[in-house]
Amino acid sequence: MSSSTRKNILRIRDAVKNFGGLVAVSKLSFDLAEHEVLGLIGPNGSGKTTMMNMISGVSKLSSGRIYLNGEDISGSSSHLIARKGVARTYQLVRMLPTLSVLENVAAGGAFGFSRRWGSDLEEYSRTLLKRVGLAEMENTAVDALTYIDQKRLELARALASDPKILLLDEWLAGLNLTELEIGISLIKELRKEGRTIIIVEHVMDAIRSLCDRCVVMNSGMKIAEGTPSEVLADAEVIRAYLGDSGA
Amino acid sequence: MTKREKRSIIPVFLIFASAALIPLVDTGYWLSISISVVMYTVLATSWTLFSGPTHYISLATAAFFGIGMYTVAGGLELLPFPFLVFLAGIIGAILAAVIGLATLRLSGVYFVIFTLGLAEFIRQIFTWVQTTMGTSSGLYVLTDITESIIFWELLALAMLVFGLGWWIGRSRLGFALRIIGNDEIVAAHCGINTARAKIVLFIVSGSIASVTGALLSPRWTYVEPGIAFSPMISFQVVIMALLGGTHRLWGPLLGVIPFTLLWDVISTFFPNQTTLLLGISFLLIVYLIPNGIVGLVEKIYSNWISGNREQFN
Numbered sequence: 001m002s003s004s005t006r007k008n009i010l011r012i013r014d015a016v017k018n019f020g021g022l023v024a025v026s027k028l029s030f031d032l033a034e035h036e037v038l039g040l041i042g043p044n045g046s047g048k049t050t051m052m053n054m055i056s057g058v059s060k061l062s063s064g065r066i067y068l069n070g071e072d073i074s075g076s077s078s079h080l081i082a083r084k085g086v087a088r089t090y091q092l093v094r095m096l097p098t099l100s101v102l103e104n105v106a107a108g109g110a111f112g113f114s115r116r117w118g119s120d121l122e123e124y125s126r127t128l129l130k131r132v133g134l135a136e137m138e139n140t141a142v143d144a145l146t147y148i149d150q151k152r153l154e155l156a157r158a159l160a161s162d163p164k165i166l167l168l169d170e171w172l173a174g175l176n177l178t179e180l181e182i183g184i185s186l187i188k189e190l191r192k193e194g195r196t197i198i199i200v201e202h203v204m205d206a207i208r209s210l211c212d213r214c215v216v217m218n219s220g221m222k223i224a225e226g227t228p229s230e231v232l233a234d235a236e237v238i239r240a241y242l243g244d245s246g247a
Numbered sequence: 001m002t003k004r005e006k007r008s009i010i011p012v013f014l015i016f017a018s019a020a021l022i023p024l025v026d027t028g029y030w031l032s033i034s035i036s037v038v039m040y041t042v043l044a045t046s047w048t049l050f051s052g053p054t055h056y057i058s059l060a061t062a063a064f065f066g067i068g069m070y071t072v073a074g075g076l077e078l079l080p081f082p083f084l085v086f087l088a089g090i091i092g093a094i095l096a097a098v099i100g101l102a103t104l105r106l107s108g109v110y111f112v113i114f115t116l117g118l119a120e121f122i123r124q125i126f127t128w129v130q131t132t133m134g135t136s137s138g139l140y141v142l143t144d145i146t147e148s149i150i151f152w153e154l155l156a157l158a159m160l161v162f163g164l165g166w167w168i169g170r171s172r173l174g175f176a177l178r179i180i181g182n183d184e185i186v187a188a189h190c191g192i193n194t195a196r197a198k199i200v201l202f203i204v205s206g207s208i209a210s211v212t213g214a215l216l217s218p219r220w221t222y223v224e225p226g227i228a229f230s231p232m233i234s235f236q237v238v239i240m241a242l243l244g245g246t247h248r249l250w251g252p253l254l255g256v257i258p259f260t261l262l263w264d265v266i267s268t269f270f271p272n273q274t275t276l277l278l279g280i281s282f283l284l285i286v287y288l289i290p291n292g293i294v295g296l297v298e299k300i301y302s303n304w305i306s307g308n309r310e311q312f313n
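From first to last, the protein sequence lines stand for chains P and B. Position 29 of the first sequence, counted from 1, bears residue number 29 in the numbering used here, the numbering being contiguous throughout. Position 286 of the second sequence, counted from 1, bears residue number 286 in the numbering used here, the numbering being contiguous throughout.
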């Protein structure tokens with residue numbers, strides 16, 4: 001199906017999502033290969049987050065199919081999709097405020113794709129905290145964390161189940177310049193490790209330096225697909241972002 | 001087991017052991033009060049097992065309690081008492097599973113209202129059945145089970161509930177419930193079957209309430225729906241649990257003891273204003289000590305610790 005020789009781990013076929021009369025995603029199809037970092041980009045309201053929600057099972061597809069490793073997951077519940085290896089972060093950070101920082105990470109590793117428990121889980125969660133740069137924060141109250149640290153914690157939680165696919169929904173949004181650099185280098189490391197990631201992002205620098213390939217959406221439809229430099233030079237993409245007069 | 005847990009085993013055991021001596025000291029007023037304390041400890045603690053972490057406020061305790069009580073009252077002439085207690089647990093579990101499947105998708109106030117309505121509904125059914133099909137408004141429960149025995153039975157049940165609560169607290173299920181209580185969407189994305197986890201805990205909690213009702217049935221020689229399904233039971237359980245604090249296993253106990261004593265005073269001196277005073281105490285508790293006595297104790301403790309630190313620094 002794809003020109004790539006790598007195995008397609010996720011296949012989206014004609015995904016449609018209607019909210020009443022509003023078509024949020026319309027007949028969207030794309031593939032995600034193993035070890036690939038795919039950018040899902042497009043102007044605000046183009047249906048990117050809805051697509052992420054369909055992959056992770058938060059919203060059910062109105063029609064179409066999603067295959068994970070050949071298995072149809074389009075009707076599955078979130079928890080089953082998570083157990084099959086899809087982990088995610090959220091556009092607006094979602095913390096577990098009554099749990100400690102360490103427990104916030106452990107939450108991701110106890111029930112998901114690869115499961116751990118007891119001291120094994122604790123050790124692993126600590127490793128992940130260290131990895132995202134929160135080694136000293138283990139016993140801090142979650143609501144005392146800064147915004148970037150909450151983002152880091154959310155990433156650690158998503159990584160805790162050692163997922164096959166990681167969905168990062170505007171993970172870099174709202175960070176200042178220095179934080180952005182830290183964030184980008186964190187995702188770069190994940191990329192080097194060979195993780196399979198879908199990134200929804202507005203930060204173009206991040207898209208250029210992180211993504212192997214991009215799918216560009218506008219009004220729920222795919223308007224372009226290709227390497228970052230290809231799609232960002234595409235006339236229709238420029239029109240979608242800047243409007244007709246800008247093109 | 002952590003060191004802290006190991007250290008707390010002996011005092012917990014001593015508390016239970018000394019409580020078990022109460023019937024040997026007094027079989028009158030103090031035993032009677034103690035039965036109420038243990039009964040509400042069991043009910044409030046098991047209520048907290050489910051409602052504490054999930055924040056789903058259930059007002060169905062009376063339904064489970066009453067069904068347990070009626071299982072014994074209705075079956076006593078046919079079946080042995082221990083079997084009926086066991087049966088009550090099973091019936092309570094089935095009822096909880098049915099309610100759970102039907103309602104746990106409801107959230108917040110809808111769940112509260114549903115459970116309250118359901119408990120009333122069951123009470124009305126029992127009243128109707130009893131008055132149209134039976135010859136009287138209630139059933140006689142005549143056994144040779146004394147108050148002392150009831151007390152010991154309840155105390156054993158309380159030990160079971162605490163043991164169960166401790167075990168759940170350190171299990172994956174307990175962790176799952178805490179995550180659900182924080183954010184159900186995150187919980188699902190972590191791989192937790194949120195509906196199943198909630199139903200399992202609701203079943204545990206409902207089943208225990210039914211067994212409690214069954215064990216208490218012999219205390220009243222005459223059981224009628226107004227006693228067995230009294231909504232006051234549901235409300236008191238919630239108030240006591242909130243007063244004590246729902247984020248610790250032993251929290252509800254700290255609410256049960258003062259409230260049972262207070263309630264005894266209220267019903268002795270103001271028998272006609274009990275509902276009013278119940279409402280007022282509920283308002284005061286929610287307003288003044290939202291995290292319960294446990295929260296209060298912990299706050300004072302942590303202030304004291306940090307105060308000490310400042311002194312040394």
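Worth flagging that the hints you see were computed from the coordinates, not collected in a lab. Just so you know, not all the hints are guaranteed correct.
Claimed, not checked - Label pairs and their calculated CB-CB ranges:
1) P/Glu123 <-> B/Ala97: 32 to 40 angstroms
2) P/Arg115 <-> B/Leu142: 41 to 49 angstroms
3) B/Leu106 <-> P/Ser114: 30 to 38 angstroms
4) P/Tyr67 <-> B/Ser8: 29 to 37 angstroms
5) P/Gly133 <-> B/Ser107: 32 to 40 angstroms
6) P/Asn69 <-> B/Ala17: 55 to 63 angstroms
To be verified - One side of the interface only, derived from the structure: several residues of chain B facing chain P at Cβ under 10 angstroms:
7) Phe175
8) Ile179
9) Gly181
10) Asn182
11) Asp183
12) Ala187
13) Ala188
14) Cys190
15) Ile192
16) Arg196
17) His247
Ideal Cβ placement from N, Cα and C applies to all residues, glycine included.
(Q) Which constraints among the numbered hints does this structure fail? Numbers only, ascending. (A) 2 and 4
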